[in-house]
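Asker: Chain residues, written in single-letter form:
2 protein chains.
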Amino acid sequence: MTATRKPAASDPPAMSYGLLPDLLGFHLRRAQVALFRHFAHSVGTAADITPGLFGMLQVIAANPGLAQSRLAEAMEVERSTIVKVADQLEARGLIERVPSAVDRRSHCLELTETGRGELARIEGLVLAHEADLTAKLTPAERQTLTRLLIRLAE
Amino acid sequence: MTATRKPAASDPPAMSYGLLPDLLGFHLRRAQVALFRHFAHSVGTAADITPGLFGMLQVIAANPGLAQSRLAEAMEVERSTIVKVADQLEARGLIERVPSAVDRRSHCLELTETGRGELARIEGLVLAHEADLTAKLTPAERQTLTRLLIRLAE
DNA sequence: GTTTATTGTTAGCCATGCGAACAAATATCC
DNA sequence: GGATATTTGTTCGCATGGCTAACAATAAAC
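So the protein lines, in turn, are chains A and B.
In this text, residue positions in the first sequence follow the numbering used here: the first is 1, and each later residue adds one.
In this text, residue positions in the second sequence follow the numbering used here: the first is 1, and each later residue adds one.
These are calculated hints, taken from the structure and not from any lab test.
Careful: at least some of the hints might be erroneous.
[Stated by the list, open to error] Pair ranges (Cβ atoms, derived):
{"id": "1", "chain 1": "B", "residue 1": "T138", "chain 2": "A", "residue 2": "R92", "range": "37 to 47 Å"}
{"id": "2", "chain 1": "B", "residue 1": "E113", "chain 2": "A", "residue 2": "A131", "range": "50 to 60 Å"}
{"id": "3", "chain 1": "B", "residue 1": "R151", "chain 2": "A", "residue 2": "T50", "range": "22 to 32 Å"}
{"id": "4", "chain 1": "B", "residue 1": "Q88", "chain 2": "A", "residue 2": "E154", "range": "27 to 37 Å"}
{"id": "5", "chain 1": "A", "residue 1": "R37", "chain 2": "B", "residue 2": "V98", "range": "29 to 39 Å"}
{"id": "6", "chain 1": "B", "residue 1": "Q88", "chain 2": "A", "residue 2": "S69", "range": "30 to 40 Å"}
{"id": "7", "chain 1": "B", "residue 1": "L137", "chain 2": "A", "residue 2": "M15", "range": "22 to 32 Å"}
[What the hints assert, rightly or not] Below, a list of computed lysine to any residue pairs in the SDA-like style, where the Cα atoms sit at most 25 Å apart:
{"id": "8", "chain 1": "B", "residue 1": "K84", "chain 2": "A", "residue 2": "F36"}
{"id": "9", "chain 1": "A", "residue 1": "K136", "chain 2": "B", "residue 2": "E154"}
{"id": "10", "chain 1": "A", "residue 1": "K84", "chain 2": "B", "residue 2": "A34"}
[To be verified] A few chain B positions that, by computed beta-carbon distances, are all more than 12 Å from chain A:
{"id": "11", "residue": "T45"}
{"id": "12", "residue": "A46"}
{"id": "13", "residue": "A47"}
{"id": "14", "residue": "S80"}
{"id": "15", "residue": "V83"}
{"id": "16", "residue": "G93"}
{"id": "17", "residue": "E96"}
{"id": "18", "residue": "R97"}
{"id": "19", "residue": "P99"}
{"id": "20", "residue": "A101"}
{"id": "21", "residue": "R104"}
{"id": "22", "residue": "E113"}
Where a beta carbon is used, it is the ideal one built from N, C-alpha and C, also for glycine.
Throw the hints in and build the complete structure from the sequences for me.
Answerer: Quick look at the structure:
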């Protein structure tokens, strides 16, 4: 006698995902959705920010005076996409568009004082979120995962 | 004497990503963008389909007669999102909404003959895309990556 | 038989992204 | 030096993909 029980008529019909479990993209997507949800719950409730905007802020903070076009290249999006992002961050007082001293076409993105403070606060939340999320993995596994993702992406 | 050369004025100023490289979400996103691009180039050009729609088709094919609400649960999206997806797939002749025999509210999603043929063709393209994409990894690494992603997502 | 829940649908909204077109400013090239 | 290209930020329109809220029809629960 096996451990499998007789299926009852009331059983939810077992769901099949077909080929999907064999595809990396399926698991990549699920992991990302899980991460987004976790971010929204742990960081988003306390700071009104998304992973995307946080990434932009990080790069702006790490490269003072960055022109919008450079940011676009770094984030691998179009220049026109950056306009909206900069509008948002500027409207919230986190960054400023400072006219470049050497090129009158370009705007240098700079964190404001408010922006610096907010970013420091958000970084704490993000690091806590990261620690919480990866608590399921050992440090070695975490590193392995990161490395494999990098190799996949390049 | 080290191997570092004297930075010239014409050098592109080295870009920093701040904290981002320490965050799993950053690498997850990059990997996904890379995968989407690869999918678009290898599958999308030959079949006019996206990873999302392909996933829906897979689940419909693997669960004949699935009601829209069940599909929504399986894909973890809202019922209303499925309406648009089903509209698209139906407009393209790949699936049909068959009225349920036992519940006059629900529509059972079924592949059409065309849909079956198309899906078979697309599956070939997707598997080739997958093989190509993961050629950078050994089979063991591929499996490790999948397992770690699953553990992260649950 | 009345109330509650589920199903599919519509409508409107938001976020993220792209592409095309544009004017201003800068580079390049004879 | 002056014509021609290129770069920069911007706007506008569009597409995708997702959400919520409301609704009518139907089914289930009490």
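Asker: Each hint: holds or not?
Answerer: Taking the hints in turn, this is what the structure says about them:
1. B:T138 x A:R92: 37 to 47 Å: holds, 46 Å
2. B:E113 x A:A131: 50 to 60 Å: holds, 52 Å
3. B:R151 x A:T50: 22 to 32 Å: holds, 24 Å
4. B:Q88 x A:E154: 27 to 37 Å: Holds, at about 33 Å.
5. A:R37 x B:V98: 29 to 39 Å: Given about 34 Å between the Cβ atoms, the range holds.
6. B:Q88 x A:S69: 30 to 40 Å: For Q88 of chain B and S69 of chain A the Cβ distance comes to about 36 Å; the hint holds.
7. B:L137 x A:M15: 22 to 32 Å: Holds: the Cβ-Cβ distance is about 28 Å, inside 22 to 32 Å.
8. B:K84 x A:F36: holds, 23 Å
9. A:K136 x B:E154: Between K136 of chain A and E154 of chain B the Cα gap is close to 9 Å, so the pair holds against 25 Å.
10. A:K84 x B:A34: holds, 23 Å
11. T45: At roughly 17 Å from the nearest Cβ of chain A, T45 of chain B sits farther out than 12 Å, so the non-interface label holds.
12. A46: Per Cβ check, A46 of chain B is outside 12 Å of chain A; nearest 17 Å; holds.
13. A47: Fine: 15 Å to the nearest Cβ keeps A47 of chain B off the interface.
14. S80: The assertion about S80 of chain B holds, with a minimum of 18 Å to chain A.
15. V83: holds, 20 Å
16. G93: holds, 20 Å
17. E96: holds, 18 Å
18. R97: holds, 19 Å
19. P99: holds, 19 Å
20. A101: holds, 15 Å
21. R104: The claim stands: R104 of chain B keeps its Cβ more than 12 Å from every Cβ of chain A (closest is about 20 Å).
22. E113: Consistent with the label, E113 of chain B stays out of reach of chain A, its closest Cβ about 18 Å off (over 12 Å).
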